[in-house]
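J.: So you can see what is in the structure, the chains are spelled out below.
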Amino acid sequence: MSLLQSTQFRPDPSANATRRAWIRAWPELQNPAAWLVALILVIMPLIANGFFLIEIFATTLILGIIALSLMFLAGYGGMVSLMQLTIAGFAGYMVAVFGISGNANISLGWPWWLATPMALALATLFGTLGGALAVRTEGIYTIMITLAIGAAFYYFTNQNWAIFNGHTGINTVATPQFWGVDWRSDIAFYYVTLGVAAICYFAVQYVSRAPFGLALQGVRDNSRRMAALGFNPNAHRIAAYAFAAFIAALGGVLQVWNYRQISPGSVSVGACIDVLIIAVVGGITRPIGPFIGALIFVLLRTFALDVLIKFGLDGNRFRLLIGLGFLAIVFWSSDGVIGLWERWRRNASPTQRPGGGRHG
Amino acid sequence: MARFIERHPAWALIVIIAVAVLAWMVFAIWPPGLEAAIGRKRVFLNAVLNGITLGGLYFLVASGFTLIFGLMRNVNLAHGSLYLFGGYIGYAVSTWTGSWILSFIVAFIAVALVGVILQLAVFRRMEGQDLRQTMVTIGLSIVFADLMLWVFGGDFYQVQTPAWLIGPVQLPLLTAIKSSGEPVYLQYPLVRLVIFLASVVIGVAMWLALNRTRIGMIVRAGVDDRDILAATGVRIQLVFVLVFALGAGLAGIAGVVGGTFQSLSPGEDTRFLLASLVVVIVGGMGSIPGAALGAVIIGLAEQLGSVYIPTYAIVVTFLIMVLVLAVRPQGLLARR
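Respectively, the protein sequence lines represent chains Y and B.
Under numbering that gives the first Met the number 0, read the first sequence as residues 0 to 359, first letter to last.
Under numbering that gives the first Met the number 0, read the second sequence as residues 0 to 335, first letter to last.
These are calculated hints, taken from the structure and not from any lab test.
Fair warning: there could be bad hints in the mix.
[Claimed, not checked] Label pairs and their computed distance ranges (CB to CB):
no., chain 1, residue 1, chain 2, residue 2, range
1, B, 199, Y, 259, 47 to 53 Å
2, Y, 110, B, 199, 56 to 62 Å
3, Y, 201, B, 152, 46 to 52 Å
4, Y, 258, B, 157, 33 to 39 Å
5, Y, 342, B, 325, 40 to 46 Å
6, B, 226, Y, 36, 43 to 49 Å
7, B, 13, Y, 259, 46 to 52 Å
8, Y, 323, B, 307, 41 to 47 Å
9, B, 124, Y, 178, 54 to 60 Å
10, Y, 101, B, 13, 46 to 52 Å
11, Y, 345, B, 2, 58 to 64 Å
12, B, 124, Y, 227, 35 to 41 Å
13, B, 223, Y, 323, 34 to 40 Å
14, B, 119, Y, 259, 46 to 52 Å
[Unchecked claim] Partial list, derived from the structure: chain Y residues whose beta carbon lies under 8 Å from chain B:
no., residue
15, 46
16, 47
17, 136
18, 143
19, 147
20, 155
21, 161
22, 319
23, 321
24, 326
Predicted model only: the values in this text are computed from it and were never measured.
For each residue, glycine too, the CB sits at the ideal point set by N, CA and C.
Here chain B stands alone, though its shape is the one from the complex (with noise of 0.2 Å):
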């Protein structure tokens, strides 16, 4: 951080000013120029706090996706057919047993064991041709769209959110302070603020688990380099197994999540394949935080471009693509 801001003061200040005004926008109660400029201060601070947990949602779909990418080089493009799979596991685990909590660990462990056998069976015969790699995952999401589409029809389904989620929540935050000098606090659905709080924890534990652990040792010397690591007596192959796994299970669980608190249906699997496409090119390749700090831009973007741009709200995600590209093409938290 401190190093950051040593060598880029000017780009230091730009971001430390953007966070302190929403930090403002966010915590003051807004001057009525204000409201009557960009609309009442609820609106933006539900699409503020939508944006948050939308960014929660896409880093459980971008962090398997970069995980797999910075170890194995392998674009999985089906990652969005894991993503929709696992919601579709999840609908029918949470219908059949109505155990919520269940639905996430059922797809965790389908679409981790889907994961394992894609490795296996296909991954391991081609390694070190990426181009080829990314063809086959091509091909294999369009005959996993194509099977779900059989199975499960057009449908939209949702996943039942439990009893005790459900409700909102009042928010230490204010929206107005009413005529009578009453202050109006702002009401947020539980269930977004678990799901957000649970895709921090997991997040964070996926850091600890890289930075502090053996494992987390092996996987990083693998992500820099595999063939000096395999050189020294790693099991490599059983790591690669893992680590497919351990992002196709991820994709799995941010599925069931995606079909909490949006829907599933045909399309969703192209939608958060492009989802974390942008997350990780914004982000950077491989890298965790970026991850995380891409999902959070683009969940923002998106959100608040829907509500105050409706009709050009893509282009607001897109053109931040666009501008790391052409400041940082390796991405904004990637290393080389």
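Chain Y extracted, bound-state conformation (with noise of 0.2 Å):
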């Protein structure tokens, strides 16, 4: 269970109080390096183009979004959940039902301020649905329950037409336009993608330091003891999965506005362990390590080709090379690659303590 660590926070007893609980909040406030990325990623416009403003940076940002959800309930819950990407994809495809799209014999044609709170309310519902099931058993089981549900919408979103469109999908879904901006062009997207992570981060930063989030957090490390001491486990496992349903929604939204069509192949088993992996490989101990998972992952995936064939090799080994890597990360850094900068950091300056603790 070393992937599970807390992340609780050690207070200074030197400072004044209320400074204190300012910075129990906000501890990225105070670090210079978080003020460094914040600025680089808002000026990105100028420094980049189109293609690395939309492949890279945000598809980075809406694959760290809903890998957020999968690091939330992992890392503060201990339920690591594969129904991610599922509840993404339900979002995005309520969003082509009820919205505008190509297949008009399909959609329902809402405009977008409709459409969208609409597929929010339904993902979160259908997450917590899923949620619900899935606390009915515990670890393990967790896994195989949330795959399975992941695995039977994929087949299901095949096989259905009235609805999900069968295997084609639907197709030129309408983003929205209004104040006279296009919000699908480059730059106006990148900024939604950037401003919807931002708050996603800061609000599950805010969770798991909040009454709720420490609550969670007692209940993955002993849910027996919590127990008796008065919380109720599982209503406070099922009201996690909504908050990373919600969050997971508003990633999926993101996503159908970004590629504008959605198909099965959007919500395939592979694509739900991708998440996973996105996770684990950026460290799911805190709310930044999906955003570097996600970088990593984009980045492999963008470029893999190139640089295997430039080496010689077949270029379509991409899923080889994702699949080694995420072994290797298994195997050494149980907490990803937060986990091995930590390490460094921590063997750089042996006079600091290390972060993060267990508490049982």
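With the hints as a guide, dock the two chains, each given alone in a separate frame, to form the complex.
T.: Structure follows, in structure tokens:
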């Protein structure tokens, strides 16, 4: 279980109380590196061209949001759910079904400001129901059940023509345009994803330190003790699923706007597992992990072909590379790239106390 | 059985009625009203038989999965890859030598060897870390899937059915009475029946081996409490390796079976992984009879569903899983 380390904060006794509370709530505001990353992300459209902006950074942020929902469940709740991409895909399908798309016989043609909240609500409901099912069992069973839900949804979208339009999926989904801005144009869409990603990131950060998040971490570490203290472990778990489902649904809506189409391929079992890989490779102890994992994944997916061919290898072996990389991470660094980075920093300055011990 | 009726009279009644209705639908000649409502009896009987034989195949895959889980608490999400690998090996052997039987033996041995290597080189190093083992099996399934795609490509393969098994056989099941008064019997492919019988034989043999032999006793003890078993001096690592080899080998055999009456292609690994997951969740983790029951239920649901409600067939399977989780989260035949 070393994958699931707690991220509890150690207060510094010398600082005064209000300042301490502030730091405890938002520690990244104290970190100059975080400000630098934020600045770079904000001025990114000046540096990068359209291809990098959308294909690399916007895609990274979207995948990062979906993986963030898994990180929240796995890191703070101890529940590894493989259905987060399914929830995102469900939200995407709902945007396509309720909104405007090229398949006029399926889409209801609602305006975006009506279709999107509907999709978010339905996907959150879907994720909550799935979670209510999954919390009936524990530990590795959760993986099995959520994988079964994800796979069943994939085969269902393939079979069903009335709502999901079978294996062709729904194409040319309309994207929002208002205030005279086409929000799917490269720069505008980049800022939309960046904004949503930032909100999700800070929301997860905030919830993890709010009473609910602390109780959830307590349930993760010792659900029996929490039950004895008067908490309802299953209610906390289901609420965590609901919160994570909402985040995943946001990612799903952005994804369908990004590709303007959705098909069973977007919710395949392989894609569900990709989200797990992203979260684990990045590290599921911190909310920043999934975004790092997503960046690595997207860079590999985009450039592995060229690099492999340059080394005289078969360019189609991208998934082999991903699989081996994932195996290596699981074997040697159970808390992902973040873990490697922290270990390296700890070795560089041995006086610093290692962060994040496990409290039972 | 008697105890079950005593403890759950209502459920027992429902089960008995369901079995009786099914038996009547299989053996009786349907009145015209029923045929008008849900179609020809031949279609229904074919779906039932397809479902039961598909259940046989699912049992072969899921029994290995449940055995490995029961003893080692290892959710082997690479089980579908072992299935597909066995199928490809069987295809290669049967096209090379022309022998169908030989392909089973080679597939069993080859996949069992892969299982031994996995257990010795990977899972033994992370014993007791359930989550990490599961993650590793996910990584392995990705690597295996890509390696197999590399070697065999994306084509569909089918293992050649041997000549002596080709063709239909007449079953003593009436489908209709002709207007001349002549009975019409059901024709059914022989190969599917033979494969189903073989999986029943394998299932019974496994049950006997588990319940009547010394090795089986050790395995059952290990399922209950492996620490105490190890403390009594049993070489538990050896048992683990053997059970992993057996479970993997069964997946390999199932691959050849699946390659004979369906086809082999990338993506089948996921399909059969899902099937074994659902079968094992429905039947109960770690229980061989549970795997058999779950396999028949899921096989029937899938086939009947695809005949009568084609675009929602997968939902039926899924609803069965949800229902079982809601009523009996540990599975139908699990002990705890």
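J.: Does each hint fit the structure? Answer for all of them.
T.: Evaluated hints:
Judged by the Cβ atoms, the range 47 to 53 Å given for residue 199 of chain B and residue 259 of chain Y holds: they are separated by roughly 52 Å. In this structure the hint that residue 110 of chain Y and residue 199 of chain B lie 56 to 62 Å apart at CB holds, the actual value being about 59 Å. Taking 46 to 52 Å as the suggested C-beta distance range, the pair residue 201 of chain Y and residue 152 of chain B conforms, at roughly 47 Å. One distance hint, 33 to 39 Å for the beta-carbon pair residue 258 of chain Y and residue 157 of chain B, holds here, with the actual separation near 35 Å.
Between residue 342 of chain Y and residue 325 of chain B the CB atoms are about 44 Å apart, so this pair conforms to the stated range of 40 to 46 Å. In this structure the hint that residue 226 of chain B and residue 36 of chain Y lie 43 to 49 Å apart at CB holds, the actual value being about 48 Å. As the Cβ distance of residue 13 of chain B to residue 259 of chain Y is approximately 50 Å, the hint placing it in 46 to 52 Å holds. Restraint check, residue 323 of chain Y to residue 307 of chain B: a C-beta distance of roughly 45 Å satisfies the suggested window 41 to 47 Å.
Here the CB-CB span from residue 124 of chain B to residue 178 of chain Y is close to 58 Å, well matched to the stated 54 to 60 Å. The hint said 46 to 52 Å for the Cβ distance between residue 101 of chain Y and residue 13 of chain B, and at roughly 48 Å that hint holds. Take residue 345 of chain Y and residue 2 of chain B: their Cβ atoms lie about 59 Å apart, and the range 58 to 64 Å holds. In this structure the hint that residue 124 of chain B and residue 227 of chain Y lie 35 to 41 Å apart at CB holds, the actual value being about 36 Å.
Residue 223 of chain B and residue 323 of chain Y have their C-beta atoms about 37 Å apart, which keeps the hinted 34 to 40 Å range intact. Checking the proposed 46 to 52 Å range against residue 119 of chain B and residue 259 of chain Y shows it holds: the Cβ atoms sit about 49 Å from each other. Hint on residue 46 of chain Y is violated. Least Cβ distance to chain B is approximately 33 Å, over the 8 Å limit. With 8 Å as the threshold, the beta carbon of residue 47 of chain Y stays out of range of chain B, its nearest partner Cβ sitting at about 30 Å, so the hint is violated.
Checking residue 136 of chain Y against chain B: minimum C-beta separation of about 6 Å stays under 8 Å; hint holds. Using the Cβ-Cβ criterion of 8 Å, the hint placing residue 143 of chain Y at the interface with chain B is satisfied: the shortest such distance is roughly 5 Å. The beta carbon of residue 147 of chain Y comes within 5 Å of a beta carbon in chain B, closer than 8 Å, and the hint placing it at the interface holds. The restraint placing residue 155 of chain Y at the interface with chain B holds, with a minimum CB-CB distance near 5 Å, inside the 8 Å limit.
Using the Cβ-Cβ criterion of 8 Å, the hint placing residue 161 of chain Y at the interface with chain B is satisfied: the shortest such distance is roughly 7 Å. Satisfaction of the interface hint for residue 319 of chain Y is found here, the shortest Cβ-Cβ separation to chain B being roughly 4 Å, below the 8 Å cut-off. Contact between residue 321 of chain Y and chain B, as hinted, is supported at the beta carbon level, the nearest pair being about 7 Å apart and thus within 8 Å. A least Cβ separation of about 4 Å between residue 326 of chain Y and chain B falls short of the 8 Å threshold, and the interface hint therefore holds.
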